[in-house]
Amino acid sequence: MRSLAIAICLCWCAFATYGQTGSGSLSGSVYNADHAPVPNIPVEAKNVATGNIYKAASSTKGEYKFDQLAAGTYEISVLMILYRPFVRKDFRIAAGQPQGQSQHLDIQLSPGLTATTLGELPALFELFSKRPPPPKGPTPRTPDEKPDLSGVWMTPPSYLLSAFSQEPDLQPWAEAIVKERLLNEARDKPSARCLPDNESTEPFVGLLPVKIVQTRGLLVALIEDVIAAHQVFLDGRSHPSDLEPTWMGHSVGKWDGDTLVIDTVGFNDKSWIFVVTPHTGMLHVVTRLRRLDLGHLQIEATYDDPATFNKPVTTTVVDVLAPDEEMDEVVCENNQYTEHVNAK
Amino acid sequence: MRNNRAASILIALLAGFVLAGPGQAHHSFSAEYDADKPVEVTGTVTKVEWANPHARFYVDVKDEHGNVANWNIELGPPAILQRLGWRHDSLKIGDQVTVAGYSAKDGSKGANAKKVTLADGRSVFAGSQAESKPSQ
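Chains as they are written, first to last, in our numbering: chain A, 83 to 426; chain B, 5 to 140.
By construction, these hints were calculated from the structure, which means they are not laboratory data.
We put the beta carbon where it would ideally sit given N, CA and C, even for glycine.
Just to be clear, a hint being listed does not mean it is correct.
Sample of chain B residues facing chain A (criterion: CB under 7 Å; computed from the structure) [unchecked claim]: (1) Ala-35; (2) Ala-55; (3) Asn-56; (4) Pro-57; (5) Gly-80; (6) Ile-84; (7) Arg-87; (8) Gly-89.
Model the full structure from these sequences, guided by the hints.
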């Protein structure tokens with residue numbers, strides 16, 4: 083009887099010791115401003131002392147959990163394009179939590195870089211809600227039977243959001259820059275100084291219309307936003323061997339059946355892609371243009387930059403024809419943003 | 005994951021959060037304005053700048069002590085506002101307006117407009133011009 087009591091006591095001690103380890107767990111819910119759970123949100127816990135970063139993602143119910151975090155002080159963060167940065171500093175993970183219990187931190191996200199202005203995307207949504215549907219009909223063709231991509235094209239705002247909210251698998255240096263840009267809410271983006279943004283690498287996708295003029299040997303994109311135009315050579319030439327880096331690079335295209343495959347190299351490293359992602363001069367973009375019918379142009383772009391991405395990224399957008407539209411002049415002349423931000 | 009994220013974007017849109025990805029804004033709203041500091045001012049339009057990338061207008065606003073300050077109010081791009089039917093003279097110097105928006109982070113007399121209302125109750129630069137002038 084006495085040995086049984088000792089055995090029970092030993093078991094209890096072992097159980098109690100197991101429950102009081104040098105680590106703890108953290109869990110909570112991720113929800114939006116309407117208190118609705120938000121799934122698939124990457125949550126990071128950074129151990130301040132060691133610099134180790136632990137990652138979790140919210141479930142379909144918006145719940146996340148870190149198991150076995152070493153006791154210590156952590157910075158809990160959510161950094162995404164779609165939401166304003168969430169950062170909780172000096173969060174203590176205590177050791178010795180009873181088994182099965184976890185510390186709790188709920189994360190409320192607010193809309194990222196909100197479009198509260200009377201313009202930009204809200205106005206674009208407004209505009210698209212009132213626009214007539216694109217015309218129906220077969221893909222028009224040139225006299226030599228190639229698809230004719232000419233026309234004024236507009237990018238539906240839903241495609242803008244999906245194309246530019248990419249979060250590529252990045253190398254550490256690029257990931258660090260992305261975090262910094264998300265934390266300061268993209269205050270230094272090139273367009274703050276009237277310089278090109280995403281249109282550098284996506285000339286056929288934009289907030290404002292793009293007009294394609296196609297001839298047998300040349301396709302020209304007239305871009306209403308910031309950059310005026312970009313040429314795609316269809317005359318069989320190759321990229322020059324001594325390209326100087328430029329914002330939009332050098333583009334040559336050739337037909338693969340009914341798809342125009344555009345190869346672009348020679349970028350500088352100044353533009354930001356996917357809103358906040360850096361790249362190097364090694365960036366290589368292959369864009370496949372396919373006019374699905376009279377009213378729709380599919381743009382599939384694959385980004386490869388071995389110095390930045392761990393694997394290539396592909397975006398797909400479908401522009402709509404806007405035969406009632408014409409290009410406006412857009413000269414970036416009064417961007418007072420920089421002086422406002424720099425005045426802080 | 006990507007599809008789920010796209011779905012969550014659409015849900016956010018349907019829920020009334022119209023997101024302006026910084027990617028297609030001409031600068032970062034949140035770097036310049038504070039979404040947590042809504043502001044409303046009423047005053048007289050002194051100047052309209054119909055220029056890209058963002059239209060602006062200026063309003064003389066009088067405080068309770070009678071002091072007048074000139075506020076710099078930012079709008080969206082003329083390129084889009086024009087397509088909704090608005091023009092450089094949709095708002096005129098001397099118009100009395102009430103502006104609801106978000107304060108500049110630098111503490112200056114500046115705001116990003118969310119709603120601009122004329123003295124007769126009509127809204128300017130929101131929605132299409134045709135809808136905002138039903139009586140005309």
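Hints, verified against the model:
1. Ala-35: Check passed: Cβ of B:Ala-35 comes within 3 Å of chain A, closer than 7 Å.
2. Ala-55: Holds, because the Cβ-Cβ distance from B:Ala-55 to chain A comes to roughly 4 Å (cut-off 7 Å).
3. Asn-56: 5 Å, holds
4. Pro-57: 5 Å, holds
5. Gly-80: 1 Å, holds
6. Ile-84: At about 4 Å, which falls below the 7 Å cut-off, the nearest Cβ of chain A leaves the hint on B:Ile-84 intact, so it holds.
7. Arg-87: This hint holds: B:Arg-87 lies near chain A, its Cβ roughly 6 Å from the closest one there, short of 7 Å.
8. Gly-89: With Cβ-Cβ at 10 Å, over 7 Å, it is violated.
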